[in-house]
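S.K.: Each chain, letter by letter, is given below.
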Amino acid sequence: DSGVTQTPKHLITATGQRVTLRCSPRSGDLSVYWYQQSLDQGLQFLIHYYNGEERAKGNILERFSAQQFPDLHSELNLSSLELGDSALYFCASSVGGRETQYFGPGTRLLVL
Amino acid sequence: AQTVTQSQPEMSVQEAETVTLSCTYDTSESDYYLFWYKQPPSRQMILVIRQEAYKQQNATENRFSVNFQKAAKSFSLKISDSQLGDAAMYFCAYRSGVYNQGGKLIFGQGTELSVKP
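Which chain is which? The protein sequence lines are S and P, in order. Just so we're aligned: 4 in our numbering is position 4 of the first sequence, and the numbers increase by one with no gaps anywhere. Just so we're aligned: 111 in our numbering is position 111 of the second sequence, and the numbers increase by one with no gaps anywhere.
Excised from the complex, chain S in its bound form:
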């Protein structure tokens, strides 16, 4: 158990819908990262938040957005979902931006 929690574990929804994925970092960690794992793209970095502020963006679609709240939990919002958004979404946390990242169990999203 890494100490990073993600909810829900599984999500099945339809095209065009909107979903929210939630992540709680390890106690004491200020950085939260989101990654997407799909068969065709592999593991891709989406976005990094540090203590409530966006620190870096990767290949994140405009339909996707994220935020980190004062209690340091983070949410990844995916809207206008397409079949290709089906993937495993990971959250990872670290103490700061230079320390080792520990991953949550992931949220498996299936868009039908």
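Hints listed in this document are in silico derivations from the structure and should not be mistaken for laboratory results. The C-beta atom is built at its ideal place from N, Cα and C for all residues, glycine as well.
Distance windows between CB atoms, simulated:
1) P:Ala72 <-> S:Leu83: 35 to 43 Å
2) P:Asn58 <-> S:Ser65: 36 to 44 Å
3) P:Gln8 <-> S:Asn51: 36 to 44 Å
4) P:Lys73 <-> S:Leu39: 25 to 33 Å
5) P:Glu52 <-> S:Glu53: 19 to 27 Å
6) P:Gln8 <-> S:Ser38: 17 to 25 Å
7) P:Ser74 <-> S:His73: 36 to 44 Å
8) S:Glu53 <-> P:Ser74: 32 to 40 Å
From chain P, some residues computed to sit far from chain S (all C-beta separations above 10 Å):
9) Ala16
10) Glu29
11) Lys78
12) Asp81
13) Val115
One side only, chain S facing chain P, incomplete, derived with CB under 8 Å:
14) Gly42
15) Gly58
16) Arg98
17) Gln101
18) Gly106
Given chain S, work out where chain P should sit, using these hints.
M.R.: Below, chain P alone, put in the same frame as chain S:
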């Protein structure tokens, strides 16, 4: 841009034997970190080992060790005394030490390791 390449999509090892997984990377930076993560069938990403580029000594964690060749930009993982529980997908990852790079991990394509009893 930095890239990470794992040229072995699949590897197989006999239980109790030793296996080495290969990873090469490309970067022009001098400050960076390298990692191996393990992803078993549960799909959880588990840190195996970490190496700082400024350290000449190869990192070791129990049965896991790395061969870090900075000039060759090579970072291989050696698993000794392989166990059935080592069967998983293994990912090599790079992270820049430069502040404005945002701390993101760049992953290789993965190597699927099977362990034969």
